[in-house]
Structures are given as structure tokens and as C-alpha cells.
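Number of protein chains: 2
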Amino acid sequence: MSVSEGILRVVLLGGVGEIGKNMIALEYADDVIVIDAGLMFPEADMLGIDLLIPDASYLVERRDQIRGLILTHGHEDHIGALPYLLPQINPPIYATQLTRGLVEVKLNERHLLRQADLHTITDQDVLHLGPFTVEFFHVCHSFPDSLGVAIHTPVGTVVHATDYKFDPHPVDGRPTDEAKIARLGDQGVLLLLSDSTNAEVGGYTPSEQEIGETFEQLFDAAPGRIIIATFASNLSRVRQLIEISRRHGRRIGVTGRSMVNNVRMARKLGYLDLQDGELLTEEQVDSLPAHKVTVICTGTQGEPMSALVRMSMGKHRQIRIRPGDTVVLSARPIPGNEEMINRTIDNLFRQGADVWYHELSEVHTSGHGSREDYRKMLRLIRPRFFVPIHGEYRHLVLHSRLAHSLGIPRDRIFVVESGQVLELGPTWCRLAERVTEGHVLVDGLSISDLDQGILRDRRQLARDGFVIAIVALDEMTGQIAAPPEVLTRGFVYEQEEEDFIEMAKSEIWRMLDDGISRAALNTRLRQTLANLCYEETHRHPMILPVVLTV
Amino acid sequence: MSVSEGILRVVLLGGVGEIGKNMIALEYADDVIVIDAGLMFPEADMLGIDLLIPDASYLVERRDQIRGLILTHGHEDHIGALPYLLPQINPPIYATQLTRGLVEVKLNERHLLRQADLHTITDQDVLHLGPFTVEFFHVCHSFPDSLGVAIHTPVGTVVHATDYKFDPHPVDGRPTDEAKIARLGDQGVLLLLSDSTNAEVGGYTPSEQEIGETFEQLFDAAPGRIIIATFASNLSRVRQLIEISRRHGRRIGVTGRSMVNNVRMARKLGYLDLQDGELLTEEQVDSLPAHKVTVICTGTQGEPMSALVRMSMGKHRQIRIRPGDTVVLSARPIPGNEEMINRTIDNLFRQGADVWYHELSEVHTSGHGSREDYRKMLRLIRPRFFVPIHGEYRHLVLHSRLAHSLGIPRDRIFVVESGQVLELGPTWCRLAERVTEGHVLVDGLSISDLDQGILRDRRQLARDGFVIAIVALDEMTGQIAAPPEVLTRGFVYEQEEEDFIEMAKSEIWRMLDDGISRAALNTRLRQTLANLCYEETHRHPMILPVVLTV
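Note that the protein sequences, when read in sequence, are chains L and B. Position 353 (the first sequence) corresponds to 353 in our numbering; numbering is contiguous. Position 536 (the second sequence) corresponds to 536 in our numbering; numbering is contiguous.
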């Protein structure tokens, strides 16, 4: 497969809801590079689905043309699809040290590490991948060592700003590399792709220093243990909490599988300066004087098996919440999780803890810029064309308006959907075809297109359960060979079940007495039961008639 | 049943999550009065449940002792359980005119109106119900003509402040009756029960006048139609929108069943001053010049069948969204609904509308007070005992701390759960037993205790579907009478289904070939299939073996 000479194609692959979030491909003539390979979590009505990954069929068709896969940072929505994609495509992968560390853990679990072609890069490196010359610029985000990407192509430069904010006082002292971004802008940028997550939020995103001050006050006031849940991937926050704890004479306990793994990795790679003596065992968390203990854990989203949720229900293996504990949820609720988060907070209060969360206090700041950050990026880059990415549709619309207000003409701004292809020449940009709906579902071992059939069935079963009726006919005589069987689950309440089944059986007998042809039997069984179910309950269970010939 | 002389019992009935929200009973000697009879919507993991109502068994046991049921206002969480309770208890019901109007609509739909004993009251009335003397005070809320209740009992006065805020500039010009509340406080109040909904929110709740100003600006700027979704029960907001529309020369279209019904009722009772000529038919909404049209509709929570959601998907019978339309979601997202709301907003943007919602603009103000409102209530009433109600557990804790900071000793504040009974004498208050878990489920026609069995089944079906295997045995010989049947739904994806069923059948044949006793057949079928399912898919469907004797 080859693209017409002189045309750059930008393909937004993947992303349920958040457009262009998980994977983007750039294609010129016979060469392709890919940026990120992330996963998304399913929406509430995708019942039973574990996660979603970008539909990579476009890349599989071009597998031999892929010169490199660049990972901008180590968050799940940027690296989480790798274990699913590597068996299909296996290009050289470029990532900073810490991102690579997380990728290695992930691939190792799936026995895929050996076959992966991993390369460590820094923001100072320059890669030559076919016709693409790729440089990087450091961006400040809730993941240390995140990279923005500038791809110099034969038709012009594309800047992919990935997730970023212009925090002047980040935890690691490394702000976003404005000088390099400005230099790229001065050299001329054909297309900017830029994060839109917080397009609804005015101002600059508050600096990590500010929540540092909130935490200082919290630590000053806390009479007992401090237990803080944050995203396991938010290693900047973890680092900040370690430093504050140290200043307050507290040692650190870590609990929750992904938190333990990430902290171990980040210590090994030198991103977290935490001495063995500072780290508490779970036993010490319970036995040391309370004011000497900080616990960092998972569970900000109320995930049922997470450390914080187990604590909130008194089910954590080691740590019992007790009056005097201060618990902090240091994260934003991801839409859809509010109910589980609120339930967790309620249960923590019930256990006697003092609980701090985003509604009450500035215990979290976003890793993503806000509208002023976006303005700054647009002003520094001054792109000819602009495509807002990393956001749901409304965020892209709001970001596009902001770009327009800074002087970019409307016809140079493209608000697109997942799966969209853009084509660019040195002076133009146009929408081309859509190559995919953008994502495929992972459900246990199945990787499948969005199958509305199975999801529709699950939704019906979730709401009203099912009823099955089995009628056995004698092969020779066509007569009923055994009394009808009726089975149901998820439909009638315990105290009603026996009555319902008896009623269903007598309805079936009555129907059979009328003398029905074999051909019509299925349909009539279904009708009879559907009518009965609705009359008796006003519900619509799934109805499955089975006619057995014996 | 009779309570010891000299003891007042306060029973908090109902409320999933929000404690003491839906129904409270007061009991003294042989007499009971009830305040409110509301419903709650199910939590996300209560699959297939339509709604929850208070467990009224406590009242049913005392049905002949109930002297009256007082409705504080007409919101669903205060009146919605009436159709379910009236067949069980039928006391005199007291409500203001508009609340009564909504109750009549609701009871009429269920053919229960004729048997209901309804009485219209105003905030000036005094009721003598057995040993209780009941007075009322007007409170400002998002429902006009809401009533706070003061119950004078032989042991002292109980004030139930219900949902309220101290808005100095409400739409109807009737602020909360501070003078009467202060007078009650001066006379001495034994117990205050007070709303805690916004205990996380500092300051006073912004006045409706402020969002009026936001709307004025929006109306000034809108080039075309203005389409505003709000709660159908928020008649204060509807009134405000009608007045602003009138000032801007716009006529009003109303769509969405509950909005149409409520507006009709409120016009009839004189709460909405809307002339026939001002009201648009749905045809006129599409044909009048766009700048002369306001549409008020349902759908703020992204409810699938609501008017706004149908518009957002291009499926509304009459109204097509078009570029130039301004759409406003004038409500707070109820936790759990965010995903559906966001999807609706995205789709409205896709249709070309300009969309305003709570993240972007002050297009809604709560009908509930905030922490300063709560302080004011506590200062005016100065109760001896305080029980925060109308909130989830964390809200009650926060409200209790606020009360303590105003000087109420900790041992006079009770943070309780639904179903709790409090007992009071002239100088004391203590926790008594818990009488119920608080709520029962409504699922179609079934009204049932929380049946974890059916919900567990539905959750399993929702996640992984089911597999059924049917084996028919000859009654005489015990031999297999027909080939095994395997049926599955919600488990395997379309392209895998045929293979799976074949595999399952051959596993069953293999198992049967081993020669299994009739007694062990069920168990072995289940094991065999469970193993196969997990090996092939890593999923855990519900497995139902059926052994038929023919």
C-alpha cells in the first residue's frame, strides 16, 4: 500500500469518547509512524466488556511499513493496548526510561517482553524514521518524563503536544520546555494536535505547588495516620507525598497491587528517592505510632477490589481504618465512577476516618492544562492547521473555538471523530475517509468488533433476566414426550418464582392442548410466555423456547 | 401497639443513600403522624430495578393510629411513593395546592384518586392531629409553596426543615419565612431535622436572581431558538424562563411528557401565568422565526426517552436541532448520570447547536441551601438536639460538624442511618432500635425486599451471559434419548458462537461416554461447561444444566 507522492496522511485511530487519544498514525508514501498505543475503559452500557483498544487493522495492513511506535508517556490510555497489538504489529518502540519500565512490566506479565523491540529515548534525541525526522520536547504532566513530539515530514512539521500543562513549579522541577516549543513555532508548524481534556476549564491549571501547600496543612493538622489514594500512574503525586511525609517525620506504607509495582519500578529507575528504611511493611503501618505513618494506596475511583475500598469496608488484609485516621482521595472522579467513589467516602466516614476529597479541598490538580495553557501552546506554535484531540466531542468544539478566537481561520481547524484520516500538503489540509469506528472490545480472551447483538442481550438479561421453556416431542408420534420444563433466572423474585413457574407450565399445557403444528410451536411458545410475563410482572425477560425431539 | 407514656419516637423510614429523605414518622403513645412519602432511584448495581420506596411495614402495623400524612412539597422524592403506599395505609393527606395538584395527577393515573383523603393546606394553617399540633413555615426551594413543619408534641417541639434555602430574591418573591422560624426558635425547639444535601458546599446557595442574570445574557446573545432543559418539577425555574422569554419577545414551546403535564397543572392552579397565545404548538416551534422561540423541555439527566435526548439524536417527533440553536441544560448532574449527560451534550454539539451546561456557565442554582444557609437555620432554631437528614452519610457527618462548631455538644447530635428510631423526652434523646433497612424495590409490578439473589443473577448475566445444556434421558433405560442441546446468550461473540456450541456438545458427549450416574449428572455437566467456558474465553457465564427424563 502506498500513498500518493507529496501527501501526508494523519490517521486518528482509537478512542471511545475521547477522540485521537489512544493512537495516531502518520503516513507518507510507503512509511508509517505511530504515536501511542493506549486503551480505554468501556462506557456504562458496554456490559461485561473489560476494556477497549484501538482498531489496528489499518496498521496491520501496513505492518511492514511501520518505522516506529513512539510512546509519549506511560499512562494506560497511551500504552495499555501494547500487549494486544504486539502480536499483530511489532515495530521498534521508542519511550523514555520510566515509560519503558512500565511497558516492560506489562509485556512481561504477558510473556511478550522478549519479542518487543524497545528503545530508550530522552527529550534530547532525534530519530530518523524513513522520511520522518522526529524530535521531542519535555512536557510537564502527571507522569514524569512525558514527551511532546515534533515530526518533520516532507510537507511540513506536525507537532503532537500530547497531555501537558505549563506548570511553573512541578514536583520534579522540570517545567514544560517552552523554549523548544517556541523554537519549533518559529521554524513553522504545519499542523498542531493538542490536548483538549480541560477545554471547559478557565485559567491555567493550578500548579502542583498549590496542592503541595494544601497537603502541608493537612499533614500539620492530622492527629493520626494519613492514608492517601491516588492514581498508581501519578508518580509525580507519589513523589510529592513522599517528600512531604519526610518533612513531617512520617514513613511510607504502600498498598494496592499497581501502586506497589509502580513504586518499585520508579525506585529502581531512580525516579523515586525512597530509602529502604523509610518504607513500611503492612505490619508496621498498624504498629508504628500513628503520627509517624503515611500510607499511599490505590482506589481513588472506588474500584471494588482496590486497597482503599477494601479498607473502607473493613476488608483490607492488614490495614484497619480507625478514628483519628485522615484519608485523602487525591484524584478527580472519572465520569461514571461518582457513585462508587461516594459510597467509598461514606464508608470511610462510617469507619470513623476524617475524609478529604475534591469537593472539600484542593487535594488534586489536573495533569492536563486548562484554557490558558491551551492558549499558550497555540500562541507558541502558531500552526497553519489545528486539530484538537484528547477530548470528547464537546471539548474539541470548545478548544476549536478558542483556537479561532486566537486568529486561526475556521477552515483551518478540523473537529473530527475517531477513525478519521486527514491529508496534508505543504499549504493545505483536507478531510479524507474514515477508516474505522476506532476501537475494538476486549472481553476476557475475545477481541472483537463492537457486537451490538451480545451487548443488547446482556442489557436485556441485566434488566429482566430470562425464561426458558423446554418441550420434548416424540420423534415418531409428534406427541409430547415429557412434561414441559420452565427455567428462569434474574426475572422473578424468590417468593414469586414457584407460582410463576407453575403458571407458565399450565399456560404451555393449555397451548399444547389446542393442538399446534410443529412448525408453529416455537413462535407460539414465545408468544404465550411473553404475554404471561408481561401480564404478571410488567417486565420483558428474554424468552427462549426449546423444542427437543426425542 | 403503644409507646411508653411520655416518650416521643422519631422513625426515619426510607432512603437509599440519602438518609431520612423520603419519609419520617413521629409517634407518641397511640398516635402517629408521617411526613412525606417519596421514592428514590436505584443505584447503578441494582439492575432492572425501576425505583425504591420506603419500607412501610412499620406504618402498616400501625395503620389505624396514623392521624395524618403531611407532604412538604411535590418533588418525587417526597411524594412519589404514594401510589404504592395508599393501598396499604390511607390516612388524611395534607399538602399545599400545587403539591396536591401533582399528587392528584399521580394518583389518577393509578385509579387511586377517589379513595385518597386529600386536604389542601397553606403555611398559615394549624393542624391538630391527636397529641400533635402542627404548624408550617414557608420555605424557598425549587418547588413553589414548599413547607417546613413544626410539630408541637407533649415532650417538646420538633422542627422538620425539609429542603430549603434562604434565597433573598426568589422567582416568586416569597423568601423563606425567617420571622416564623425565629419565633419557633425563641419558643424553644427540642429537635431539629435539617437538610444536608449541600453540606460540602461553602457559602450561601446563589440566588435565583443570579442565574436570572446569566439567562438574560444568554437570551441577549442567542441568534436563534433557545431550548432549555430543566427538571419538570422545578416550576420556579420554568416560571423564571417564561418571564425572561416574555421580556425578549419569545413565545414558549413545551415538550416532554412530565414537563407538559406539570406546566398544564401549574397553569390551571395559577402558579404559571402563561397565556394561550404565548404557548407554541410543536409545529410553531419549527415554523416561527427562530429568535421568537423558547422551548422548555425534559432531559437534563440524559434520560434515554426524554425530549432533549431525542432531539440530540435527531429522533424528536417535531423538533430538529439546527445550527443557530442555543441549548441549555439547566440542572445539576445527579451522580451516576454524568456519562449519559455528556453523551447528550456531545450529540447536541454534533447537530450544530451551541450548548451551555453547568461546567461552562451559571445556568443552574441549587434548590437546597449551602453551609451558610445551614448555619442560619441552626442559629435561628437553636435546637436542644440535632439530627442532620436529607443527605448521604458524608453529608450528615459534615453537617453534624458544622452544628458542633456552632456550640451544640457532640452528644446532642445524632448521625444516623435509614430505619433508625430516636426516642425523646423533654430533656433527653437516645438512639433506639432500627426498624428496617429502609427501602423496598419496585420492579415492574413486583414490590419486594432487596433480593440479593435476583440482583446477583442479573449482574452475572449482564457481565457474561449464560450457557444452558439440555440432556434428555430415557425414563426406562436411563440412556441418552436425544443429542445434547446447548444454548447461549450474552456469552460468546457472534463469530465464535458456532464453534463454541460444537465444542460444548462434544465435551458433553465425551463426558457422557465416561458413564455418569444420574445423580452426578447435573454437577458434572456444570463443571464440564464451566471449565470449557473459562478455558476458551476467560469468562464466567451463568451455567444451567437441565436433565430431562422422557
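If you're looking for bench data, these hints aren't it; they were derived computationally from the structure. From the three backbone atoms N, C-alpha and C, an ideal C-beta is built for every residue, glycine too. Just so you know, not all the hints are guaranteed correct.
Here are the in silico distance ranges between beta carbons for each label pair [unchecked claim]:
1) B/N531 x L/P304: 38 to 48 Å
2) L/M503 x B/T549: 43 to 53 Å
3) B/H404 x L/L279: 54 to 64 Å
4) L/E535 x B/Y534: 48 to 58 Å
5) L/Q124 x B/S361: 37 to 47 Å
6) L/L450 x B/H538: 13 to 23 Å
7) L/L406 x B/A182: 46 to 56 Å
8) L/D50 x B/N522: 37 to 47 Å
9) L/E498 x B/D474: 46 to 56 Å
10) L/G212 x B/S361: 29 to 39 Å
Within a straight-line C-alpha distance of at most 20 Å, the following computed SDA-like cross-link-like pairs (lysine to any residue) qualify [to be verified]:
11) B/K292 x B/K315
12) L/K315 x L/K292
13) L/K505 x L/R524
14) L/K505 x B/V546
15) L/K505 x L/P483
16) L/K292 x L/G224
17) L/K180 x L/Q124
18) L/K505 x B/T549
19) L/K505 x L/V547
20) B/K106 x L/H538
21) L/K505 x B/K106
22) L/K505 x B/I121
23) B/K505 x L/V547
24) B/K315 x B/Q275
25) B/K292 x B/Q275
26) L/K292 x L/P323
27) B/K268 x B/I121
28) B/K505 x L/Q124
29) L/K292 x L/M313
30) L/K268 x L/K505
A short list of chain B residues far from chain L (calculated; beta carbon distances all over 12 Å) [unchecked claim]:
31) H358
32) G391
33) V435
Checked hints:
1. B/N531 x L/P304: 38 to 48 Å: With Cβ atoms ~26 Å apart, the hint is violated.
2. L/M503 x B/T549: 43 to 53 Å: Distance hint for L/M503, B/T549 is violated at roughly 22 Å.
3. B/H404 x L/L279: 54 to 64 Å: Since the Cβ atoms of B/H404 and L/L279 sit about 38 Å apart, the hinted range of 54 to 64 Å is violated.
4. L/E535 x B/Y534: 48 to 58 Å: Since L/E535 and B/Y534 have Cβ atoms about 39 Å apart, the given range 48 to 58 Å is violated.
5. L/Q124 x B/S361: 37 to 47 Å: Holds - the Cβ-Cβ distance for L/Q124 and B/S361, about 44 Å, lies within 37 to 47 Å.
6. L/L450 x B/H538: 13 to 23 Å: holds, 19 Å
7. L/L406 x B/A182: 46 to 56 Å: holds, 55 Å
8. L/D50 x B/N522: 37 to 47 Å: Between L/D50 and B/N522, where Cβ atoms are some 30 Å apart, the hint is violated.
9. L/E498 x B/D474: 46 to 56 Å: Distance hint for L/E498, B/D474 is violated at roughly 28 Å.
10. L/G212 x B/S361: 29 to 39 Å: For L/G212 and B/S361 the Cβ distance comes to about 31 Å; the hint holds.
11. B/K292 x B/K315: Violated, at about 23 Å.
12. L/K315 x L/K292: Distance ~23 Å between L/K315 and L/K292 Cα, so the pair is violated.
13. L/K505 x L/R524: Between L/K505 and L/R524 the Cα gap is close to 14 Å, so the pair holds against 20 Å.
14. L/K505 x B/V546: holds, 16 Å
15. L/K505 x L/P483: holds, 8 Å
16. L/K292 x L/G224: holds, 8 Å
17. L/K180 x L/Q124: holds, 10 Å
18. L/K505 x B/T549: Status holds; Cα separation ~16 Å.
19. L/K505 x L/V547: Roughly 14 Å separates the two Cα atoms, so the pair holds.
20. B/K106 x L/H538: holds, 19 Å
21. L/K505 x B/K106: violated, 36 Å
22. L/K505 x B/I121: violated, 53 Å
23. B/K505 x L/V547: holds, 17 Å
24. B/K315 x B/Q275: violated, 29 Å
25. B/K292 x B/Q275: holds, 16 Å
26. L/K292 x L/P323: holds, 16 Å
27. B/K268 x B/I121: The hint holds at about 18 Å.
28. B/K505 x L/Q124: Cα-Cα ~60 Å, so violated.
29. L/K292 x L/M313: violated, 24 Å
30. L/K268 x L/K505: Violated: L/K268 and L/K505 sit about 67 Å apart, past 20 Å.
31. H358: violated, 10 Å
32. G391: The claim is violated: B/G391 sits with its nearest Cβ about 10 Å from chain L, within 12 Å.
33. V435: Per Cβ check, B/V435 is outside 12 Å of chain L; nearest 20 Å; holds.
Of the numbered hints given earlier, the model fails hints 1, 2, 3, 4, 8, 9, 11, 12, 21, 22, 24, 28, 29, 30, 31 and 32; all others are met.
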